[in-house]
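**Q** Please build the complete structure, drawing on both the sequences and the hints.
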Amino acid sequence: MQKKVTMQLTTVSSELETRLLKEEIALIDRICTGEKHLFYDLISPYERSVYLVAYSILQNHADTAEVIQQAFLKAFCDLTNFRKESKFRTWLIQIAINEAKLKLRKERKASYESIDEQEQANDGKVFPKDFADWREIPSESLERTELRQALQKAIASLEPIYREVFVLRDVEELSISETARMLGISEASVKTRLLRARLQMRDALAPGFDGAWRTGGNVWKKTRPW
Amino acid sequence: MIIIEISCVEVWQEISNYLDGDTAPDMQRRMEEHFKNCEHCKAILDGTRNVIHLVGDERAFELPQTLSKSLKIWLDGKLGN
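Protein sequences, first through last, are from chains E and A.
Position 211, counted from 1, in the first sequence is what the working numbering calls 211; the numbers after and before it change by one each time, with no gaps.
To convert, take the position in the second sequence, counting from 1, and add 1000; that gives the working numbering.
Treat each hint with caution, since some may be false.
[Claimed, not checked] Listed below are the simulated EDC-like cross-link pairs for lysine to aspartate or glutamate, each with C-alpha atoms no more than 16 Å apart in a straight line: (1) Lys1072/A to Asp41/E; (2) Lys87/E to Glu35/E; (3) Lys36/E to Asp78/E; (4) Lys84/E to Glu173/E; (5) Lys153/E to Glu1062/A; (6) Lys1072/A to Glu66/E; (7) Lys87/E to Glu159/E; (8) Lys125/E to Glu1014/A; (9) Lys129/E to Glu1039/A; (10) Lys1072/A to Glu47/E; (11) Lys125/E to Asp1020/A; (12) Lys103/E to Asp63/E; (13) Lys87/E to Asp29/E; (14) Lys1042/A to Glu136/E; (15) Lys1078/A to Glu17/E; (16) Lys101/E to Glu136/E; (17) Lys36/E to Glu24/E; (18) Lys87/E to Glu17/E; (19) Lys191/E to Glu1039/A; (20) Lys101/E to Glu159/E; (21) Lys1042/A to Asp203/E; (22) Lys1078/A to Glu159/E; (23) Lys191/E to Asp1076/A; (24) Lys87/E to Asp203/E; (25) Lys1042/A to Asp1076/A; (26) Lys1069/A to Asp41/E; (27) Lys22/E to Asp41/E; (28) Lys106/E to Asp63/E; (29) Lys74/E to Asp1076/A; (30) Lys129/E to Asp1046/A; (31) Lys1078/A to Glu178/E; (32) Lys1036/A to Asp1046/A; (33) Lys74/E to Glu47/E; (34) Lys191/E to Asp1020/A; (35) Lys1069/A to Glu47/E; (36) Lys36/E to Glu1062/A; (37) Lys84/E to Glu24/E; (38) Lys1069/A to Glu66/E.
If you are wondering where the hints come from, they were derived from the structure by calculation, not from laboratory data.
**A** In structure tokens, the structure reads:
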């Protein structure tokens, strides 16, 4: 019964996605034939994704706002070159990544280009730092500012090459192959970086999002004020 | 069926792929068996899964409040709308 319901939901979701893609392509065609005022309608569903991906690279709100403006303008100028067999969302994110990295290179020169060496130095086995039990935090807790801040701080603590993979894969939920293509690295590198990023995220958030660890049985001890 | 034991270190190297459902069937069985008996690795698995679940939630990250409005105004200006 449950399997049947799941299959029906998958079919509905797939039909909806196909319909939205058709609508999006129709919108792109109209913009390309002169209806420029529709461009914001086309990009607004992806504003969040583009912002978060650019921010993951730049780690600065003012720079990110500037870069996404340039990315959207570039997307508008290149819209006639968009290949409709690919996803518009990933195309936009790719432009944002390129623009963000370009800005970083201009401003920080060589520092961002030595990332391959950085990864080599960290190559090898990955070890978690903390083994304590973790009480599951429900999604509703995201309403709490403290939790959102803790997540942002944890992501900011990742080294850039791990952060960009983590954001594309786990925040934006792109596939391994899409993430690899976006960053111009192999799928194996994506998996290696993702492993390190995920374990570091867990370590960074220890001891638990709400600071509670199991002390035995069903007893939890609070170790953080929030 | 005999399931060959696997060490914690081996589990940690595969835990991300396991969460993505991207491990070979034999490795998956060995890891499942390991999680039944190793509370440390189970804690790492649960915590990591929880992190992934939370960061994928739209509420996890807020955008600057004026972003959409200022972007639209900027684009309208650039595109001559």
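**Q** Now tell me if each hint is right for this structure.
**A** To see whether the hints hold, each was checked on the structure:
no., hint, result
1, Lys1072/A to Asp41/E, "holds (10 Å)"
2, Lys87/E to Glu35/E, "violated (21 Å)"
3, Lys36/E to Asp78/E, "holds (13 Å)"
4, Lys84/E to Glu173/E, "violated (21 Å)"
5, Lys153/E to Glu1062/A, "holds (13 Å)"
6, Lys1072/A to Glu66/E, "holds (13 Å)"
7, Lys87/E to Glu159/E, "violated (28 Å)"
8, Lys125/E to Glu1014/A, "holds (10 Å)"
9, Lys129/E to Glu1039/A, "holds (15 Å)"
10, Lys1072/A to Glu47/E, "holds (11 Å)"
11, Lys125/E to Asp1020/A, "violated (19 Å)"
12, Lys103/E to Asp63/E, "holds (8 Å)"
13, Lys87/E to Asp29/E, "holds (15 Å)"
14, Lys1042/A to Glu136/E, "holds (12 Å)"
15, Lys1078/A to Glu17/E, "violated (31 Å)"
16, Lys101/E to Glu136/E, "violated (36 Å)"
17, Lys36/E to Glu24/E, "holds (14 Å)"
18, Lys87/E to Glu17/E, "holds (11 Å)"
19, Lys191/E to Glu1039/A, "violated (24 Å)"
20, Lys101/E to Glu159/E, "holds (15 Å)"
21, Lys1042/A to Asp203/E, "holds (14 Å)"
22, Lys1078/A to Glu159/E, "violated (35 Å)"
23, Lys191/E to Asp1076/A, "violated (40 Å)"
24, Lys87/E to Asp203/E, "violated (34 Å)"
25, Lys1042/A to Asp1076/A, "violated (52 Å)"
26, Lys1069/A to Asp41/E, "holds (13 Å)"
27, Lys22/E to Asp41/E, "holds (15 Å)"
28, Lys106/E to Asp63/E, "holds (12 Å)"
29, Lys74/E to Asp1076/A, "holds (14 Å)"
30, Lys129/E to Asp1046/A, "holds (15 Å)"
31, Lys1078/A to Glu178/E, "violated (31 Å)"
32, Lys1036/A to Asp1046/A, "holds (13 Å)"
33, Lys74/E to Glu47/E, "holds (14 Å)"
34, Lys191/E to Asp1020/A, "holds (10 Å)"
35, Lys1069/A to Glu47/E, "holds (11 Å)"
36, Lys36/E to Glu1062/A, "violated (28 Å)"
37, Lys84/E to Glu24/E, "holds (10 Å)"
38, Lys1069/A to Glu66/E, "holds (14 Å)"
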